[in-house]
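Enquirer: Sequence:
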Amino acid sequence: MFVLYEEAGKYLGGRILSEAEASAQVELESGKRVKVKSGHIVLRFEKPAPALLIAEARRLAAEMDLDLAWEFAPEGEFGFADLAVDYFQAKPSLEQQAASLLALFEAPHYFRRAGKGRFKKAPAEIVQQALAAIEKKKAVQAQIAEWAAQLAAGECPAAVRDQLYKILFKPDKNAPEYKAVVEASRSTQRAPLDLLEQAGAIDSAYQFHWRRFLFENFPKGTAFPPLAAPVIADELPLASVQAFSIDDSQTTEIDDALSVQGLGSGQVTVGIHIAAPGLALVPGGPIDKVARSRMSTVYMPGHKITMLPDEVVQAYTLQEGRDCPAVSLYASFDESTLSLLSTETRLERVPIVANLRHDQLDRFVDEAWLQDAALAAGDTPEAAERLRAPLSFLFKLARHLKAQREVVRGKPESFNRPDYNFRLVGNDGEPDGSEQVQITTRQRGAPLDLIVSEAMILANSTWGSWLGELGVPGLYRSQASLAPGIKVRMGTRALPHAGLGVKSYAWSTSPLRRYTDLVNQWQIIAAARHGKTAALAAPFKPKDADLFSILSGFDAAYATYNAYQGAMERFWTLKYLEQQGIAELEATLIKDVPQGALARADTLPLVFHVTGTQGLARGARVRVKLGEIDEIALDVHGTVVERLDAAPALADALDDEGSGEVEEMAGPLAIAVDLADGDADSETPQPEKTPA
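Using our numbering, read the sequence shown as starting at 4 and increasing by one per residue.
Any given hint could be a false lead.
[Stated by the list, open to error] Pairs of lysine-lysine residues, derived as DSS-like cross-links and limited to a Cα-Cα distance of at most 25 angstroms, are as follows:
1. Lys13 x Lys140
2. Lys124 x Lys94
3. Lys13 x Lys173
4. Lys50 x Lys38
5. Lys13 x Lys141
6. Lys50 x Lys119
7. Lys176 x Lys140
8. Lys13 x Lys50
9. Lys123 x Lys13
10. Lys169 x Lys119
11. Lys139 x Lys94
12. Lys139 x Lys119
13. Lys546 x Lys292
14. Lys490 x Lys414
15. Lys490 x Lys399
16. Lys414 x Lys506
17. Lys13 x Lys169
18. Lys173 x Lys223
19. Lys124 x Lys141
20. Lys38 x Lys94
21. Lys40 x Lys50
22. Lys40 x Lys140
23. Lys223 x Lys176
24. Lys119 x Lys13
25. Lys140 x Lys35
26. Lys35 x Lys50
27. Lys405 x Lys506
28. Lys399 x Lys414
Simulated from the structure, these hints should not be mistaken for lab results.
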């Protein structure tokens, strides 16, 4: 005897081998033997074979009119055999009974299951809703098939184009647009990104990178809500200094300025003046919430997304011709030995007499000009000439401070590679990727850079140590040693920074463009106001959970923004190669990788994979023929065509800044993180190196 039974939502058939009171031993057509509960058996029969019965039942079930079956079905609970009587004939065949069972079981929108082989009619309104949903699903499936066919044929439907970045990076796997891409990708055996690119969904490589970044980091756009900058209520004393800033011409967030007093007196006081939004903004306020959501200004060639609205920035920026609120660090030095005598922090208003722009001054203000007061001024701008004596002292002091740090550091800092500045010709506002790009170089460690960087390192290390001594927590950067693999880390404790050669280091000098600096400024203001009791008065207390949350959020955002800046600099470098028709480059091999090596271009900010490096040591200079440029993957490969020199010593191949920088890279986008940046904690105002 054969039986038809239900198992795990399916109906199966087999031959009974033995049967007990509550179960039966059944042999399936495959030969497998299973134990079936008696309550699961719905039909017993002698013939035909179960496979034939099920096949015929499925054929008949497919021909049944479910609307008619619903009309014929009894009210209340009924069995499948009852429906077979009403639908087929008074004495339905075995096949007709089985067909009724399968039809009822597979139409839950018409019939609700009430037990093994038993059902109940669904209410009429539920049936109508279900039928509408089924029709809608059919229409969606048809639409998916149509879109998939268009994609396979090289045409991108508008609906898919509109959802491009969501499909690629944060897909809703139930969305028809996503399913269409998956179906087309499967049918064409092509990767989704390649498929969409070939279908014309990506009409601009630049817009692809830009909109992807916005989608992932600014899904609601980059516009600010209406915000008014609070007025600083404190009655601040006016400092008796003449302060000046040194920035790039495109800098709008002027965070820091310098002053010098007492030249020729034997004791010189250097003022490091930092814009003081912390005197007006409060943690948890409307502007703070915006700043905390962004964590930092985002820089890229030709454009930037500021941490704060421009009207807020302009309220606190150190603008020439104004008496600006500032948190000032005054450091007194012996004029002859340059030894540090004392430091003092003040909250005050500082007269800003000049906003110097290093891109306008670098060709005039060099070491010779700073060291020789008798050197003819030439065409030096008047503002720089008026500040020649302070600048000369600051340059001498900066070199002294750098030398002191290098003693602690254990080896000198080197700036063997230049900074690269990007300028987009014809750019007005947000770039679109079609601009002509100009790339110029500027040697790191130039005099004006050195003056600014050493002053900021002095301020950040001094304030960091001061907060630590007072027991006031802050956001610190530290590095245990210069050993390979020891990274710079963020924390809330004042620990040494081996890379900079200081005993503690808390970013505090850019509160208009880095949220960590704004947080630290609040803590410094509390220290300046309350001294030894500052730990009780500071906005963030020791072991404050909110401080740890800020730390982790900033770390993640800052890494993302830096990666995007590096990626965009790489994009414009590749665009430069295309625009200039550059087919070959001179480069230096910097790391062995599978099937070749990584090479750094000698005159461009570009690291790329090259082949044909067999027998060549790291540090070898080569001429490389470039292959096809992929602006979506930000990739270009090359082949070595000529060796340009004998293998140098390894120490010459990679300078101090880059000795470990390529160890963490993997793939083109990782390489896109700017390898020429060097120490991530350098206080040279590098982000503003990418003017519009």
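Enquirer: Which of the stated hints cannot be reconciled with the structure, identified by number in ascending sequence?
Expert: 3, 10, 11, 12, 15, 17, 20, 22 and 25
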